[in-house]
Amino acid sequence: MDIMHVFVTPLLLMGIMGGVFGVLLAIASVIFKVHQDERIGLIRAALPGANCGGCGYPGCDGYASGVVNDGAPVNKCSVGGAKVAEKIAAIMGVDAGESVPMRAFVKCKGTCTASPRQLIYDGIKDCRSAATIPGGSPNACPFGCIGLGTCVSVCNFGALSMGDDGLPKVDGDKCVACGACVAACPKGIFTLIPKAADVVVACNSHWKGQMVKSVCSAGCIGCTLCTKLCPVQAITMVNDLAVIDQTKCIKCGKCAEKCPAKCIKTGERVEVLAKSA
Amino acid sequence: MTFTELVLLFISSIFVHNILLSRFLGCCPFMGVSSKLKTAQGMGAAVVFVIVLASLMTWLTYNYLLVPLHLEYLYTLSFILVIAALVQFVELALKKLNPVLYKSLGIFLPLITTNCAVLGVAVLNMNEGYGLAAALVNALGSSLGFLLAISLMAGIRERIEGNDGIPNSLRGLPMALITAGLMSIAFMGFTGIIK
Chain A
0 MDIMHVFVTP LLLMGIMGGV FGVLLAIASV IFKVHQDERI GLIRAALPGA NCGGCGYPGC
60 DGYASGVVND GAPVNKCSVG GAKVAEKIAA IMGVDAGESV PMRAFVKCKG TCTASPRQLI
120 YDGIKDCRSA ATIPGGSPNA CPFGCIGLGT CVSVCNFGAL SMGDDGLPKV DGDKCVACGA
180 CVAACPKGIF TLIPKAADVV VACNSHWKGQ MVKSVCSAGC IGCTLCTKLC PVQAITMVND
240 LAVIDQTKCI KCGKCAEKCP AKCIKTGERV EVLAKSA
Chain B
0 MTFTELVLLF ISSIFVHNIL LSRFLGCCPF MGVSSKLKTA QGMGAAVVFV IVLASLMTWL
60 TYNYLLVPLH LEYLYTLSFI LVIAALVQFV ELALKKLNPV LYKSLGIFLP LITTNCAVLG
120 VAVLNMNEGY GLAAALVNAL GSSLGFLLAI SLMAGIRERI EGNDGIPNSL RGLPMALITA
180 GLMSIAFMGF TGIIK
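So the sequences go chain by chain: A and B. In terms of numbering that gives the first Met the number 0, the first sequence opens at residue 0 and continues consecutively. In terms of numbering that gives the first Met the number 0, the second sequence opens at residue 0 and continues consecutively.
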């Protein structure tokens, strides 16, 4: 056996080729170096590096160059919040502006007991797949949570978990409001609310009262009682679904108390505050 | 090869042996980036660029390095090495010399580094024993065929996107796969126009 030809030459050839290409690329990277605005590097270092895409840019690198080159607002990073916004503002020499800390909220109370599961779905265990069947959902309510946990799997921060009742739970401390669950949920049951918000309508159904009642015992029936009760007119009806304007809400909780369907959630914020205290 | 043969090779590599629809190489971008006509064309342009350059470099590597050293069996490894280094180099150079082109090719350049269509054309050139001219003509034809097929596909997909007549379960990727199959059958109609 010709050892030279079988072992040495191929090894040498590939080694030399790799080496030559490596050197050429190294030289090229010096010759063709493009001068980058140094602020991009500084901002990138200030960002948390979660690459969640919550700011609307592809990752933290994209956002850093977006701030410098496209004049993107400095307070878009929901992971870093106000702290990071201040740092970026200092680098860019602008005012940080106000950034309200947000969190994800589940607009559904259709638990296994409250909203019956209509079909036995036997396909891929993913809500996006289950939502393509005729009727739009294996459950009786086509607006509500399907409960297969797609939101949990897309959450990069471990802030979501599936509860025993079949609904996802949001951990208000861990949630950074990146919006991944909002985009992934085929039923759109997630919404981002200010962390300070405490009175929220937990239903996504635009059906009329009677139809809602036939599929769920905890759905908004569109009775408009809450709009009349609200002392500051923060609640409006949008296609038979009550919507609370969080900028007006004074958290008196009168609506939640009187809501016949008990679909207005309150008290969650108290829990969150108690936990973090 | 005579000039006539080269012209025939060019036409057959676009239509008869279309790299996507007859040889089924590079199906990943064919599905992945064919939902919008504009991105599909960007991808197609990048493929034309890279395949022609890569074919030139791999042809030189094969005929002036591997054949004299009797190491033909190393072609897969060395082709991948050459293509990867080349694409990296082109990306660096473009970024500096022609930022406009760099922006329009954008993400697609690094994406096609490991594309099987690029390696496939290089290997085809080798297997068929093409000379340099024939190899380049084949590379240009194949890559233009890629551009043609992916543009057609994107055009069709843009039109069926919002079509309510398609059953829910077939929307999106399933319909795209069926479309690709039908296009492939249509392209089989070109078989035999060049002997």
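It is possible that some hints are incorrect.
Stated by the list, open to error - Quick list of in silico lysine to aspartate or glutamate cross-link-like pairs, DMTMM-like style, CA-CA up to 25 Å:
{"id": "1", "chain 1": "A", "residue 1": "K124", "chain 2": "A", "residue 2": "D164"}
{"id": "2", "chain 1": "B", "residue 1": "K37", "chain 2": "A", "residue 2": "D69"}
{"id": "3", "chain 1": "B", "residue 1": "K95", "chain 2": "A", "residue 2": "D69"}
Unchecked claim - Which stretches of chain B does chain A cover? Using the computed rule of at least three CB atoms under 8 Å from a CB of chain A, they are:
{"id": "4", "stretch": "36–48"}
{"id": "5", "stretch": "167–178"}
Just so you know, the hints here were simulated from the structure itself, not pulled from any lab data. Ideal placement from N, C-alpha and C gives every residue a C-beta, glycine not left out.
These are the hints, each one checked on the structure:
1. With a C-alpha separation of about 17 Å, the suggested pairing of K124(A) with D164(A) holds against the 25 Å cut-off.
2. A distance of roughly 22 Å separates the Cα atoms of K37(B) and D69(A); the hinted pair therefore holds under the 25 Å criterion.
3. Pair hint K95(B) plus D69(A) holds up; C-alpha atoms about 20 Å apart against a cutoff of 25 Å.
4. Three residues within the 8 Å Cβ limit are the bar, and the stretch 36–48 of chain B against chain A gives 0, so the coverage statement is violated.
5. Note: the stretch 167–178 of chain B has 3 residues with beta-carbon separation from chain A under 8 Å; the three-residue rule is met and the coverage holds.
In this structure, the one hint that does not hold is number 4.
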